[in-house]
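According to the UniProt record's numbering, numbering within the sequence shown proceeds without interruption in unit steps and concludes at 444.
Don't take each hint at face value.
Listed next, with one range per pair, are the computed distances between beta-carbon atoms [stated by the list, open to error]:
(1) N104 - N75: 30 to 40 angstroms
(2) G105 - H126: 25 to 35 angstroms
(3) S60 - E124: 45 to 55 angstroms
(4) H70 - P44: 25 to 35 angstroms
(5) P52 - E124: 45 to 55 angstroms
(6) G90 - P46: 28 to 38 angstroms
(7) P219 - D53: 43 to 53 angstroms
(8) H126 - D266: 18 to 28 angstroms
(9) A428 - G120: 48 to 58 angstroms
(10) S96 - L64: 11 to 21 angstroms
(11) G76 - I48: 11 to 21 angstroms
(12) C58 - R121: 34 to 44 angstroms
Hints in this document: simulated from the structure, not taken from any laboratory. Glycine included, every Cβ here is placed at the ideal spot set by N, Cα and C.
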Amino acid sequence: MPQLKSSAPITICSTPSRTATFLRRPRLSSRRTLTSKRPSRPPPFPVIESCPDPTCPCSSMPALDQEIDHKNTLNGTISAHSQHLIISTGRSDWTSRIEDESENGTSWGKAVGDLKALLGRKGEFHDAFNATMISTSSFTPFSARAKQKAKRITGEEEWEEQETVDALLFPAFRHFRGLVPLSKDTAGTTPNPHTESQTDPESPTSGSLRDFIAENLTPTNGERKSNTAAVRSHWHSSPITNPTILVCSHGHRDSRCGILGPVLHDEFNKYLDQRKGDDPDSKLCASSTEKFVASKGDDSHPAGLESRAEAQGRSIDKPTLDSIARSTTNTSDEGVASEDTTVNVGMISHIGGHKWAGNVIIYMPPGFSTGVPTSKPVEPNSLDVSQRASGAQTQHPLAGMGIWYGRVEPRHVEGIVEQTIFKGKVIAELFRGGLNQRGQLVRL
1 MPQLKSSAPI TICSTPSRTA TFLRRPRLSS RRTLTSKRPS RPPPFPVIES CPDPTCPCSS
61 MPALDQEIDH KNTLNGTISA HSQHLIISTG RSDWTSRIED ESENGTSWGK AVGDLKALLG
121 RKGEFHDAFN ATMISTSSFT PFSARAKQKA KRITGEEEWE EQETVDALLF PAFRHFRGLV
181 PLSKDTAGTT PNPHTESQTD PESPTSGSLR DFIAENLTPT NGERKSNTAA VRSHWHSSPI
241 TNPTILVCSH GHRDSRCGIL GPVLHDEFNK YLDQRKGDDP DSKLCASSTE KFVASKGDDS
301 HPAGLESRAE AQGRSIDKPT LDSIARSTTN TSDEGVASED TTVNVGMISH IGGHKWAGNV
361 IIYMPPGFST GVPTSKPVEP NSLDVSQRAS GAQTQHPLAG MGIWYGRVEP RHVEGIVEQT
421 IFKGKVIAEL FRGGLNQRGQ LVRL
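From just these sequences and the hints, can you work out the full model?
Below, the structure is given as structure tokens:
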């Protein structure tokens with residue numbers, strides 16, 4: 001019988017001091033295929049690579065005392081969160097730690113401290129998988145006061161009168177009024193039989209922050225959802241159907257945003273007003289003041305609470321995002337880019353990434369469209385030329401989303417307004433990340 005010849009000696013060693021030689025198998029050609037880079041998913045929205053050059057004069061880039069990071073990639077640089085809560089303050093800059101503003105007697109500073117204590121790592125409502133980012137804004141707060149009863153550990157009860165705060169919540173796209181900071185004895189603590197806080201039952205337009213968190217910032221299947229009917233009556237809530245532009249201007253955290261933020265804020269306002277003046281078909285305009293305008297017909301004052309948006313807000317207990325989309329895609333003018341649709345432009349506190357100043361967030365409301373109203377949402381690419389010409393509605397490709405941009409300069413403002421707000425296209429070179437309507441982070 002013929003003997004098989006080995007192409008190389010095989011030596012098996014039992015000690016590490018000796019050398020073992022094995023036959024090497026040829027590499028499979030498919031191995032390179034298995035380890036090769038997988039094709040990336042297409043982005044969930046239209047994308048353009050770079051921001052177009054401006055066609056009209058714009059402000060020059062201000063001198064900064066620190067450099068902007070132009071080396072590292074921007075994509076995927078936003079911090080993990082599923083919702084964004086923004087407290088109105090009427091100011092464009094704040095102390096480095098906003099909760100320290102409570103020492104100056106501001107109700108919104110106290111509210112921020114309470115929220116961070118309740119939602120923080122050791123807080124009663126901490127949820128690592130549903131983080132809430134908390135910011136403050138330059139939007140003018142509504143002046144209102146509410147009574148709150150605090151039961152002291154001694155058993156004594158007394159009423160405290162506090163100024164309420166209002167807040168914006170994304171991607172729920174809701175505007176809340178009448179939130180009451182916690183009393184000093186109950187802030188940041190877990191309720192127990194000896195320590196509790198409640199609002200005056202004769203003031204149904206306000207509610208405590210604990211109620212607000214339980215009703216609006218916790219998962220719908222949580223145990224804290226059992227008393228939603230009572231919680232719902234504590235404050236006024238209206239849907240946000242106007243686009244919102246937020247620019248970081250927190251100079252006490254970093255001078256780059258403190259210098260560049262106000263310049264960008266003014267540039268957005270100026271361009272929106274200029275565009276409306278030059279183009280009679282323009283359907284968006286900037287707010288004339290720092291007053292936040294949630295939707296068409298919203299006078300942003302407690303005296304106008306009988307508006308359709310307010311009535312809708314009172315009748316819905318934490319609507320699902322789908323129902324919000326349905327409520328803003330109807331036969332009324334809400335949610336549609338009409339001639340008097342306002343773009344809210346405001347300045348906000350630190351959101352992370354000062355080295356990528358200017359930092360801008362754009363929130364496009366659910367159901368927002370680029371055409372005339374319709375009763376049903378329409379897919380962006382489902383209309384042909386004849387349908388568009390006949391006036392059929394095209395839903396905005398970014399409806400219900402938040403888009404984060406970094407390294408924004410005044411020369412980018414026109415491109416952001418035209419490409420992102422009007423056409424629904426994300427500018428890749430500026431894109432830091434996004435938040436979809438389900439509270440999930442998105443990236444390119």
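Hints, one by one, checked against the model:
1. A beta carbon spacing of about 39 angstroms between N104 and N75 agrees with the range 30 to 40 angstroms that was offered as a hint.
2. Here the CB-CB span from G105 to H126 is close to 28 angstroms, well matched to the stated 25 to 35 angstroms.
3. Taking the beta carbon of each, S60 and E124 are about 49 angstroms apart, inside 45 to 55 angstroms as hinted.
4. For the pair H70 and P44, the supplied restraint of 25 to 35 angstroms holds, since their beta-carbon distance comes to about 27 angstroms.
5. Distance hint check for P52 and E124: the Cβ-Cβ separation is about 48 angstroms, which falls inside the suggested range of 45 to 55 angstroms.
6. Against the hinted window of 28 to 38 angstroms, the Cβ-Cβ separation of G90 and P46 comes to about 36 angstroms, which satisfies the hint.
7. Here the CB-CB span from P219 to D53 is close to 45 angstroms, well matched to the stated 43 to 53 angstroms.
8. A hinted range of 18 to 28 angstroms for the beta carbons of H126 and D266 is inconsistent with their spacing of about 38 angstroms.
9. The hinted window of 48 to 58 angstroms between A428 and G120 is violated, with their beta carbons roughly 35 angstroms apart.
10. The supplied range of 11 to 21 angstroms is met by S96 and L64, whose beta-carbon atoms lie about 19 angstroms from each other.
11. The hinted window of 11 to 21 angstroms between G76 and I48 holds, with their beta carbons roughly 19 angstroms apart.
12. With their beta carbons about 43 angstroms apart, C58 and R121 fall inside the hinted range of 34 to 44 angstroms.
Checked against the numbered hints above, the structure violates hints 8 and 9; every other hint is satisfied.
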